[in-house]
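Student: Listed here are the chains, written in short residue letters.
2 protein chains.
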Amino acid sequence: MKDSTTYALTIAYDGTEYSGWQIQPNARTIQEEIQNVLSQILQEEITVIGSGRTDQGVHALKQVAHFRTKKTPDTKMLFRALNGMLPFDIRILNVSIADQSFHSQYSALSKEYHYYLCLEPIVLPFVRRFRTHVKMPLDLDLLKKGAQQFIGTKDFYSFSNSPDKGSCGKNSIRTIYRLDVVPTSDGIRFEFEGNGFLYKMVRNIVGMLLDVACKKRPIEDIEKVFLAKDRRRASRAAPPTGLFLAKITYS
Amino acid sequence: MKDSTTYALTIAYDGTEYSGWQIQPNARTIQEEIQNVLSQILQEEITVIGSGRTDQGVHALKQVAHFRTKKTPDTKMLFRALNGMLPFDIRILNVSIADQSFHSQYSALSKEYHYYLCLEPIVLPFVRRFRTHVKMPLDLDLLKKGAQQFIGTKDFYSFSNSPDKGSCGKNSIRTIYRLDVVPTSDGIRFEFEGNGFLYKMVRNIVGMLLDVACKKRPIEDIEKVFLAKDRRRASRAAPPTGLFLAKITYS
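Sequences listed follow chains A and B, in order.
Position in the first sequence (from 1) plus 10 gives the number in this note's numbering.
Position in the second sequence (from 1) plus 10 gives the number in this note's numbering.
Just so you know, these hints were derived from the structure itself, not from any lab.
Given the structure is predicted, the values throughout are model-derived calculations rather than measurements.
It cannot be assumed that every hint is accurate.
In silico negatives: residues of chain B with every beta carbon more than 10 Å from chain A [claimed, not checked]:
{"hint": "1", "residue": "P35"}
{"hint": "2", "residue": "P83"}
{"hint": "3", "residue": "K154"}
Capping the alpha-carbon separation at 25 Å, the derived lysine to any residue pairs in SDA-like fashion look like this [said to hold, decoys possible]:
{"hint": "4", "chain 1": "A", "residue 1": "K145", "chain 2": "B", "residue 2": "N104"}
{"hint": "5", "chain 1": "A", "residue 1": "K121", "chain 2": "B", "residue 2": "V137"}
{"hint": "6", "chain 1": "B", "residue 1": "K86", "chain 2": "A", "residue 2": "P83"}
{"hint": "7", "chain 1": "B", "residue 1": "K121", "chain 2": "B", "residue 2": "T185"}
{"hint": "8", "chain 1": "B", "residue 1": "K155", "chain 2": "B", "residue 2": "T194"}
{"hint": "9", "chain 1": "B", "residue 1": "K86", "chain 2": "A", "residue 2": "E130"}
{"hint": "10", "chain 1": "A", "residue 1": "K72", "chain 2": "B", "residue 2": "V144"}
{"hint": "11", "chain 1": "A", "residue 1": "K86", "chain 2": "B", "residue 2": "K145"}
{"hint": "12", "chain 1": "B", "residue 1": "K86", "chain 2": "A", "residue 2": "L134"}
{"hint": "13", "chain 1": "B", "residue 1": "K145", "chain 2": "A", "residue 2": "P83"}
{"hint": "14", "chain 1": "A", "residue 1": "K145", "chain 2": "B", "residue 2": "S106"}
{"hint": "15", "chain 1": "A", "residue 1": "K145", "chain 2": "B", "residue 2": "D84"}
Backbone N, C-alpha and C define an ideal beta-carbon position, used for all residues, glycine too.
Here chain A stands alone, though its shape is the one from the complex:
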């Protein structure tokens, strides 16, 4: 696609009211909202491609997306017009001109996801859309020990709901560089950093860690589930409410 300019967008959203990032029939999606507004502004049919999908109810601190156009709109104008026309639960944090070959998904080197648990008896109303409420007591030492076992290059087949839907087809080997458990004012935040994540992988790992930390399952089960390569052996996925796509790193 010569003679076109590639624009990169950094996007924050509260995913509560959306059926996820990716366009689907009869559903309100973030991709479609942005695409519609951009097409209106540029008077041209625009396709917006995100670094990856986020599921229904999942949020983003810094999703990255790109689009190409034969026009050369000013980035400041786009920033203002997009934020002026989009709903307040989707905000464009940055608009820039990227290398023509830039691709928000294929150019990504690593991704970061955050998952917030509220461990207090009450979730404050101000953060209720952004927390998973855990009412059972958790053994935080077990939680941290369990988290260690997910770090490294592994076959995450058992921790993905449907790898075909993932970005890398049938290869379910991924590398998690970092999985930190960070204390917060009302609980903890998991910080996942990896070279890529399979469909529902973060939520499946959090679900497994919760089962271990509340002693519903022994910590040895993590290794067993990895080896079984059977999704039915893993724990139930944790809910989407606490999950944020936090950061995409490019070269």
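Starting from the known structure of chain A, fit chain B onto it as the hints suggest.
Tutor: Relative to the frame of chain A, chain B by itself:
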């Protein structure tokens, strides 16, 4: 009202979806939600009295309310049942048995309000219900100097929309002990502490300070408005979105 027990509630709420605290016909209010749920739990008509009203769209970190009943429900049961039945944007943080004579409004010694301004180009979606977005540049030195002029015992007549609706009838003299301007991650927070606040007083003061800090009005106007005792001389009230009833202090 002998033979009755007085219960005190500490309540947090996101006021976005409500027409304020106080019961009104044909409107959804926080007082009514709590009163209805309590009446259902206790199978008795309960009147819940708050430390003061909050307007449509105003939030509370720690509103205090009380009610009296001839029954003696367990506080832990009430805590669980209330939070189980109330919508998630209203949370009961604490239930306790108070002195029989305790009155959430008349027993209050002082109150604290917080008002959040976002001064960034974009309000993050996660806090959009809790910020007033100020897009014009503000002179923070002027803002702080202006804030100083509201501290002390003064006649706030010009800074109240309708003192008849306030808690102390026609007396518009109040004492502000503290009005701090605290930096936050996306702007500033005003912290007001005083012995009482007239109807719309906090929002009117913030509105006046904004006019001064963006140089729409000279700082000398603050003193002039105080002396004029004329509400029409004051600036427009700042919107409710950024306002929180933060704390009530009792002896």
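Student: It remains to establish, for every hint, whether it holds in the given structure.
Tutor: Results for each hint:
At the 10 Å boundary, the C-beta of P35(B) stays outside the reach of chain A, the nearest C-beta of that chain being 25 Å off. For P83(B), the requirement that its beta carbon stay farther than 10 Å from each beta carbon of chain A is met, with the minimum near 18 Å. Distance check for K154(B) against chain A: the nearest CB is about 26 Å away, which clears 10 Å, and the non-interface claim stands. Between K145(A) and N104(B) the CA atoms are separated by roughly 17 Å; this keeps the pair inside 25 Å, and the hint holds.
Our distance criterion of 25 Å between C-alpha atoms is met by K121(A) and V137(B), whose separation comes to about 24 Å. A hinted pair counts as satisfied when its Cα atoms are at most 25 Å apart, and K86(B) with P83(A) does not qualify at roughly 60 Å. Using a Cα cut-off of 25 Å, the hinted pair K121(B) and T185(B) holds, with the two alpha carbons roughly 11 Å apart. At roughly 19 Å between alpha-carbon atoms, K155(B) and T194(B) fall within 25 Å of each other, so this suggested pair holds.
Between the alpha carbons of K86(B) and E130(A) the distance comes to roughly 15 Å, so the proposed pair stays at or under 25 Å and holds. Restraint check: the Cα-Cα separation between K72(A) and V144(B) comes to about 23 Å, which is no more than 25 Å; the hinted pair holds. In summary, the hint linking K86(A) to K145(B) is supported, as the alpha carbons are separated by about 15 Å, within the 25 Å threshold. Taking the CA atoms of K86(B) and L134(A), the gap is about 18 Å. The hint holds against a cut of 25 Å.
About 23 Å separates the Cα atoms of K145(B) and P83(A), which keeps this hinted pair within 25 Å; it holds. With a CA separation close to 22 Å, the supplied pair K145(A) and S106(B) stays within the 25 Å bound. In summary, the hint linking K145(A) to D84(B) is supported, as the alpha carbons are separated by about 21 Å, within the 25 Å threshold.
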